[in-house]
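S.K.: What follows is the residue order along each chain.
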Amino acid sequence: MSQKEEVKKPEKARQAETSERYLAFLLGKEQYAIPLLQVKEVIEMSEPTPIPQTPSYFKGIINLRGQVISVLDLRSRLQLAKIENGPKTAIIILDLDPAFCLGVIVDRINSVLAFQADDVSTPPELLSGKEQYLTGVARRDNKMTLILDIKAALSLTDLEVVKSNSQIKSA
Amino acid sequence: MDAFEREIKTDFLTEAKDLLSGTEQCFLSLEKNPSDLENLNLIFRLAHNLKGSSGAVGFSELADFTHKLESLLLALKEQRILVSPKIVELLLRSNDYLSQTIETLRGDLTASYNNRELATELCDALTNPSYHEVPGPQAATVADQIESVEPRLMSPKCAEAPTSQPQVRKDENIRVSLSRIEKLLNNVGELSILQAVMVQQSTERGTVISPLMRETLSSMSKIIRETQNLSMGLRMMPIKQMFQKMQRIVRDTSKSLGKEVELHLAGEETEIDKTVLEQLGDPLVHIVRNAVDHGLESNEERLAAGKSAVGNVYLSASHRAGHVMIEVREDGKGLDPNKLTEKAKAKGLISPDTKLSPEQAYKLIFLPGFSTKEQVTDVSGRGVGMDVVKTNISSLQGRVEIETDLGKGTSFQIFLPLTLAIIDSIVVQVDDNRFVVPLNQVSEFFRPQESDITNVYGRHELVTLRDEHLPTFSLSSLMKRETETKPTWMQTALVIREGSGNFAVNVDRVIAQQQVVIKPLGAELKGKTGIMGSAILGDGRPALILDLFELTKAVRGEVNIRH
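Those protein sequences? They're chains P and H, same order as listed.
With the working numbering, letter number 95 in the first sequence gets 95, and the count goes up by one each step, no holes.
With the working numbering, letter number 95 in the second sequence gets 95, and the count goes up by one each step, no holes.
Source of the hints: derived by calculation from the structure; they are not laboratory data.
A virtual CB, placed ideally from N, CA and C, is assigned to each residue, including glycine.
Possibly wrong hints are sitting among the right ones.
[Said to hold, decoys possible] Facing chain H, from chain P, some residues (calculated, C-beta under 7 angstroms): (1) 36; (2) 40; (3) 49; (4) 101.
[As the list claims (entries may be wrong)] Computed footprint of chain H on chain P; a stretch qualifies when at least three of its residues, placed anywhere within it, have a C-beta under 8 angstroms from a C-beta of chain H: (5) 57-63; (6) 68-74; (7) 86-100.
[Unchecked claim] Below, simulated DSSO-like cross-link-like pairs (lysine-lysine); rule was C-alpha separation at most 30 angstroms, straight line: (8) P:88 x P:143; (9) P:151 x H:526; (10) H:480 x P:82.
If we strip away everything but chain P, and leave its shape as in the complex, we get (with noise of 0.2 angstroms):
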């Protein structure tokens, strides 16, 4: 799919079938995906303003449309190898708690998957130290697919970190 185009919402009708449907992205080398659910719109990589005192992670603030939204880098969040920004490079705006006004940088937008339930399997324990964010594994025609439990990836307790750091030490 396009990068600019705008995720739609599935009906409400389809989530009623078995399968759910994800959007599937590169961080790196490897696919992720998050469920279409949470996705609101995919947008091209503009450049964020930066705000002090935040997070390496935290990579400042983007007008959408008259709305101001936080980028987050969801490389750096998930401690990935550094990648240079290319043009394939996008940010996934987030539908999750009204509250928050999220946006994640990804490499590369891939596609949209519908997998079943028995395509996906629970992610295995060895995985060290990412293992927490992810919610399963899904295997088709020899592709994995990790599935990214992206709330928790960027937990409110982490986003709090935000907060903490903020505090204006003594000059």
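Starting from the known structure of chain P, arrange chain H on it as the hints suggest.
M.R.: Only chain H this time, still in chain P's reference frame:
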């Protein structure tokens, strides 16, 4: 409860809330003018409407209650019983009960809301003669007035008329949710930015555009500007409703204190941003209560001072140079600066050897823990209030001023911005970042000379401006930018003046002075010290709006230089 039932109930409650907002006003004027049949008819129709629709959507107890209320109102209307103070009291309590119930039900559709006592009292009022006693002189006037009422109105046929052919008032308003208006404002704001980009492109050298294009562009700009003004106006509401609430406050306060007070309203049509209006309620209630309780003398004292027995409170609103001014004025005893100073000293709020000018003394009442009245009443005087008023008004970007004349009265003037959504600001640059600073925080800015800078202990810098030494802080280091900071004398100093001491904040340069629309930040950035929100600048990129007071609070505490 199914979705349909929920929906009709919710609709009913919204409607009921609107209906009830008018009733209090009617009851209060009934008290002043008990023979006003038109007013009684109006109240009766309101109760009647409420009864009908509450029964229809299934709030049977509410319907039952309003039925009883209606019966009482009918008896009043047909003059079977007279409007006594006790009846007005009962009607006001019923009105309170109804508003509370509607509010509770709006939160929880299944909440229990029965109030048998009040319902019984309503029935009781119909028959019990103790409710009908009208104080002597007033009774005579009421009777006189009744006789003077045209016989046509007295006939039972006419009494029914209003319900059968209600006076149709055209409602030309529609209810729109604030979130939709905000979305509209977002889009209009974005539109004007895009338009600015287009105009800029068209005027760039080497660009060739047809005359028609140029003309279209120019008329488009005008329309967009007009649309922006119109859409900003959507958030504005007349202050009338708020003022009407104050009538009730004055009435209840003066009753419980045994003072006779008259409230005069002016400028009720003045429009103000809905969000500002909502947050104005509490501070205004405090000031109005204080005016009646602390400001005005008792009726006897007034007579002794050669004033009219009845105290006057004037509540007015008007537009003043980009601000809304709301004034609460009374013709009471006025503030005594010496008494205020002594009181503050006795309470240990200021040190015993402090000398204060009258103006400074008046401001003492805004200190936490200050209350001028000896006796604590249930109305006011717990020493909370005025300091909260000041905090609330400041958080609305407004200020309070006091004018007082000993023996003649006091006036509180609240100055508020027309809207919270837009502020006047300056855009500054620090390193390669732009920040927005509210203009009301900055009293002036200037470029200091190298000789204006004094270094204290190699840590703190003072900058001299017209014989004043201001502690100065670099915005770059406040923001913990990693880059090397330029020396102070190469920067622009923003001078910030506030009560506890003036100071300066250095920025690389001031880029522009402009109005910006405040955009909220997500919860992930809430609570960051010194950040008020964000704004979208002319090029479409967002920038942070800084609160320089908050931002420098910690470092200013450390410097602690007194002036």
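S.K.: State for each hint whether it applies.
M.R.: Verification of the hints:
{"no.": "1", "hint": "36", "in the structure": "violated, 21 angstroms"}
{"no.": "2", "hint": "40", "in the structure": "violated, 13 angstroms"}
{"no.": "3", "hint": "49", "in the structure": "holds, 5 angstroms"}
{"no.": "4", "hint": "101", "in the structure": "holds, 3 angstroms"}
{"no.": "5", "hint": "57-63", "in the structure": "holds (count 3)"}
{"no.": "6", "hint": "68-74", "in the structure": "holds (count 3)"}
{"no.": "7", "hint": "86-100", "in the structure": "holds (count 3)"}
{"no.": "8", "hint": "P:88 x P:143", "in the structure": "holds, 21 angstroms"}
{"no.": "9", "hint": "P:151 x H:526", "in the structure": "holds, 18 angstroms"}
{"no.": "10", "hint": "H:480 x P:82", "in the structure": "holds, 24 angstroms"}
Of the numbered hints given earlier, the model fails hints 1 and 2; all others are met.
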